[in-house]
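Undergrad: Chain residues, written in single-letter form:
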Amino acid sequence: MTPVEAKFEYLLRLGDNALILGHRLSEWCGHGPILEQDIAITNIALDQVGQARSLLQYAGEIEGKGRSEDDLAYKRDVMEFRNVLLAEQPNEDFAYTIVRQFLFDNFNYLLYQGLCQSKDEHLRAIAEKSIKEITYHLRYSSEWMIRLGDGTEESHEKMQAALDDLMIYSGELTTPDAVDTMMYEAGIAPDLSALQANYQQKLKEILQEATLQQPEVKYMQSGGKDGSMHTEYLGFILAELQFVQRAYPDMEW
Amino acid sequence: MSDKKNWPLWEIFIRSKNGLNHKHVGSLHAADAEMAIENARDVYTRRNEGVSIWVVESQYITASSPNQSESLFDPANDKVYRHPTFYNLPDEVKNI
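Note that the protein sequences, when read in sequence, are chains A and B.
At position 95 of the first sequence the residue is numbered 113 (my numbering), and the sequence of numbers has no breaks.
At position 81 of the second sequence the residue is numbered 198 (my numbering), and the sequence of numbers has no breaks.
Just so you know, these hints were derived from the structure itself, not from any lab.
Among the clues, some could well be false.
Said to hold, decoys possible - In silico BS3-like cross-links for lysine-lysine, where the CA-CA straight-line distance does not exceed 25 Å:
(1) Lys83/A with Lys93/A
(2) Lys147/A with Lys134/B
(3) Lys150/A with Lys134/B
(4) Lys83/A with Lys137/A
(5) Lys140/B with Lys211/B
(6) Lys134/B with Lys196/B
Said to hold, decoys possible - Far from chain B, by Cβ distances over 12 Å, these chain A residues were calculated:
(7) His41
(8) Gly82
(9) Asn109
(10) Pro194
(11) Tyr202
(12) Tyr217
(13) Met269
To be verified - Part of the chain A face toward chain B, derived, beta carbon under 10 Å:
(14) Ile62
(15) Leu64
(16) Lys150
(17) Tyr154
(18) Tyr158
(19) Glu161
(20) Arg165
Don't be surprised by glycine CBs; every beta carbon is placed ideally from N, CA and C.
Turn these sequences into a full structure, and let the hints guide you.
TA: In structure tokens form, the structure reads like this:
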């Protein structure tokens with residue numbers, strides 16, 4: 019893999035994480051448990067879709083084949099997506115959505131802190147803009163982890179169940195592969211394995227406050243960010259996300 | 118969450134820029150003050166409306182009674198000399 023190819027792959031990972039999780043969150047629009055949370059979640063969705071736009075636009079530039087951010091979002095098929103498995107997991111209920119968001123935000127915050135030091139000027143600029151949004155996302159999801167974990171008996175049970183189910187997708191976040199390592203060595207991205215300690219510490223801290231038990235995971239799922247094996251959910255997301263563009267190619271309005 | 122209907126109501130005040138007063142913009146439900154601030158941030162400052170937020174639980178606001186509005190406010194009606202409308206303000210003075 020050439021350095022340019024690796025950078026393209028890496029930008030797709032960042033962009034697809036934001037796009038797919040943003041789309042997932044947007045599914046709450048009009049269905050939030052209360053009006054205020056409906057707006058809060060939709061705000062986060064919009065932040066993430068905005069980040070996806072900048073990242074995929076830059077990815078298209080780096081690739082150099084004339085693909086725009088819309089081409090990349092709407093015209094790739096499942097196996098060409100590079101988001102982590104966690105991002106594509108379904109909303110289920112508010113507990114799942116919050117746990118998924120927290121597991122992701124905890125990672126994303128550390129990652130973007132690192133990207134703010136990137137030697138790649140364009141990526142650094144995107145990261146500096148995004149880190150403010152991500153800081154708020156992490157604050158939001160952390161608070162809800164604590165409120166619902168340390169809430170009623172019912173909310174505690176639902177949060178624990180969501181955590182037990184989703185924890186297997188958290189390993190992929192901070193486990194570096196060849197692309198991550200190339201990006202680290204080129205000074206473009208932080209060393210993922212160096213984020214692990216901070217990730218675990220924040221997780222432990224929030225779970226303790228939320229009175230939740232960290233599940234023991236014997237085998238972590240992976241295959242999202244290298245595109246080798248997505249879960250069955252991604253196809254359904256794309257069916258909805260890409261429908262208009264697939265049914266009416268290149269339409270504009 | 119099942120008793121979400123019991124979340125108290127909060128009145129939200131936003132300062133649109135430094136130097137101006139906080140203005141009442143509306144109300145919303147939240148479980149506590151911290152959540153009220155976050156909800157207010159998401160509901161009322163999405164389009165760059167504010168630099169500072171105050172929240173106060175609605176039950177702590179004491180309002181004047183509409184029945185007393187005649188005695189409270191009508192006496193000021195015919196006292197135009199209380200309005201400082203006879204001054205010439207320099208152009209540089211804003212927000213008065």
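Undergrad: If any of the earlier hints don't hold here, list their numbers in rising order.
TA: The structure conflicts with hints 6, 16, although it agrees with all the remaining ones.
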